[in-house]
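Enquirer: Taking the hints into account, I'd like the entire structure generated from these sequences.
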Amino acid sequence: MLRHALAAAALSALLVAPAIARAAEEAPPLPHQEWSFDGIFGTYDRASSQRGFQVYKEVCSVCHAVKHLYFRDLADLGYSEGEVKAIAAGYQVTDPQPNDQGEMYQRPGRPSDPIPAPFPNDQAARNANNGALPPDQSMIVKARPGGPNYVYAILTGYKDPPPGFNMLSGMNYNEYFPGHQIAMPPPLSDNAVTFADGVPATVPQMAHDVVTFLAWASEPNLDDRHRTGIKVMLFLVVAAGIFYAVKRKIWAPVH
Amino acid sequence: MADTRPGAATRIIRWIDYRLPFVQFLNHELNEYPTPRNLSYWWNYGSLAGIMLVVMIVSGIFLAMQYTPSAELAFDSVERIMRDVNYGWLLRYAHMNGASMFFAIVYIHLFRGLYYGSYKAPRELLWILGVVILLLLIATAFMGYVLPWGQMSYWAATVITNLFSAIPLIGPSIVTFLWGGFAVGDPTLHRFYALHYLLPFVIVAVVLLHLVALHRHGSNNPLGIDHKGPQDTIPFHPYYTVKDLFGLSVFLLIYAFFVFFAPNFLGEPDNYIPANPMQTPNHIVPEWYLLPYYAILRSITFPILFISSKLAGVILAFSSILILFFLPWLDTSPVRSARFRPVYKWVFWLLVIDVIALGWVGANPPEGLVVAVGQIATFYYFVHMLILFPLIGKLERPRSLPSSIGAAVLGGGARLGGAGAPMAKP
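Chains as they are written, first to last, in this note's numbering: chain B, 6 to 260; chain V, 68 to 493.
None of these hints come from the bench; they were simulated from the model. Keep in mind the model is a prediction, meaning the values are calculated, not measured. Hints are all accurate, no fakes.
Each computed DSBU-like pair below joins lysine-lysine, with the alpha-carbon atoms no more than 35 Å apart: (1) V:LYS412 <-> B:LYS252; (2) B:LYS90 <-> B:LYS72; (3) B:LYS254 <-> V:LYS412; (4) B:LYS254 <-> V:LYS295; (5) B:LYS236 <-> B:LYS252.
Expert: And the structure:
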C-alpha cells in the first residue's frame, strides 16, 4: 500500500516535471523490475546479491571501482567470516603503510581492506578506456534518477543504432543512456559467468543480480533501516493513539 | 500525628526558588500562562518548529563529530557516517529530512499567521522576529546543503554565491571574499561548516526572543479577538501540552516515514556524485523549500531601467522575504482573522496557489511556459503584498466580531467556571 502511495506520489511528481518528462521523450520509459528491496518490508535477496557480486567481480570490476566497499562489508550479503577472508585473500593489495625498508609492498587482502580499484587513478582509467572514465559503482544506484531500474535498463538497453543515427567512433548505442551514445561496450553476454547455484546466466538475470548487489552497495543499511522503521512507526501509532485519548479526556470539561 | 511539614523535595525546591526562581518561572509560563481556549491544530506548528530545532541541533552535533569539512574528504566522510558509524545512517537521514520537515512546519506556521492576522498589533515584533528566524533558517539550510560536497552541493554554492556578483562595482570582490578564493573550494567549505554550526545557536537566541514576545500578549487565536477574561482562556498546561504531544506524534509519523522508507525522496540523485568543478549538472535546482525564491530570481529575464536582469532578480528574490517585515503595516484591515474578512478569506488562497506555482517554476528549466508562469506568479506575489493587502483592508466590510472567545466557543457564557483557573496541584 505505502509503496503504491509513494509510487503514485513519484508519478505525479513526474507528470508535473517537464524536465523529467522531456528526458523520457528521448528515452523510452524505464522497464520496471520487481526488486526484493522495494517497499517498506523490502530486504536484499541474499542469493541474488551474492550472484551479483560474482558478476561485479568477474565482469564489471575490470573497469569499475566500488571505492566505498570493504571486504568486511560482504558479510552483509550472507558470506561467512571464512568466505570473506578467502575472497579478500584472492586479491593482492598494496598495504597502506610501507615496510621496514620504507617500501610499499603488496600482500594478500584482508577483510579490513577496501576492495581494490582496477586503476590507480582517473587518468589511468581514462587512458585504458578510450578517454572515458568508468564511474565508481558503489553509489551508482543512488546517484541516478530511476535508481535500480535505470542501471538495469542501461545494462540491458544495448541495440543497433536506428538508421541515420550519427554514431561517434568507439561509442555504443544504448536507448536509455542520455544522448544514446555510451562509451561502455555491452558488458554482459549470456553465460559470461557461471553461477554456483545453477541459475542460468542470461543477460536479464545477470543484470538483475548485479543491480541488486549495487543497490546494496549504495545503501547497505536498508534492511536495518526498514526493520527499525516499522518498529518506530508502530510505536508512534500507539503513542498517537494514547495522546489522542488523553487529550480527549483532559479537554472534556472545557469543550 | 500527621507530619504537616513539607517534604524534603519541596523544601529543596523552595530553597532554590527563593534564590533562582526557575520553578516559579516554569509555573508562570506553563500553568498560569493564559492561552485562548479555542486554538485549532494550526497552532501546533510553533511548538513543532521548536522541537525540530532541537532535533536538528542534536543530530547535527553528533554528525559534526564524524564529519570532515575539507573538499578532499567531505564526501567520503559523509559516506563513512552512512556506512560505518553506528546508526550514522539514522543521524544523517534524520538531519537531511529534518531540514525539509522543519521548513514544511515553518511555512505552515507562517501561512497560519497570514490567515489569522497574527502579525497585527500588538504582535508586530513577534512577527518580525519570526521573519528573522526564517532568513536565518534559509542561510543555515543553504550552507548545510553544501557540506556533503556532492554535485548539487557544489553547484548550488556556486550559483548562490555568484548572485552577489550582481552588485555593481564591489560585487565580484564580495564573491571572492565569500569564497576565500577564486572559485568555490576548500576555504568556502570550511567557512560554511563553521557558520552552519554557529547559526543554529543564533536561531535559538532569536527563538527565545520570539517566545518572550509571544508570552507578552499570548497567542492569537482563530477568532483573532483579544481574550477578555478567564472565561476566554485556559492554562497552557495541561491543555495545550497534551494537544501538542498528540500533534507531535502525528508529525513524527510523517517524519519517520521519510527517514525510514523514503530518505532520498526529497533529495537530488546528483548529490550522490562527488563535487566536480569541471562538470556542470544538467539542471541545478535547490531543495524544494527554496524553489519559490529561485523562481523569482530567474523570472527577471530583462533589464529594468539601468538594473541588469540578474541584479533585478536578486533584489526581487530577497525582497520577497524582506517585504514580510512590513506586512503589519501593509495590511490595513483592523480585523485579524480571515474568518471575518469575506474578501481576504479567498484572496489568501491565491497567495498560497501563487507560492506553489512559483515552487513548480523553480523546479523546472526556465523555458517556454515555465518562464511566463514564473513572471506572472512573481508579479502577482508583489501585487498581493503591496497592493492587495492595503487595498482589501480599506475596501472590505468585515463581518461583525463575536463579543468574546468564551461566548463564541461556548455559545453564550455557559460552563465558564473552573477551566480558566490554573490546575490545582494534586
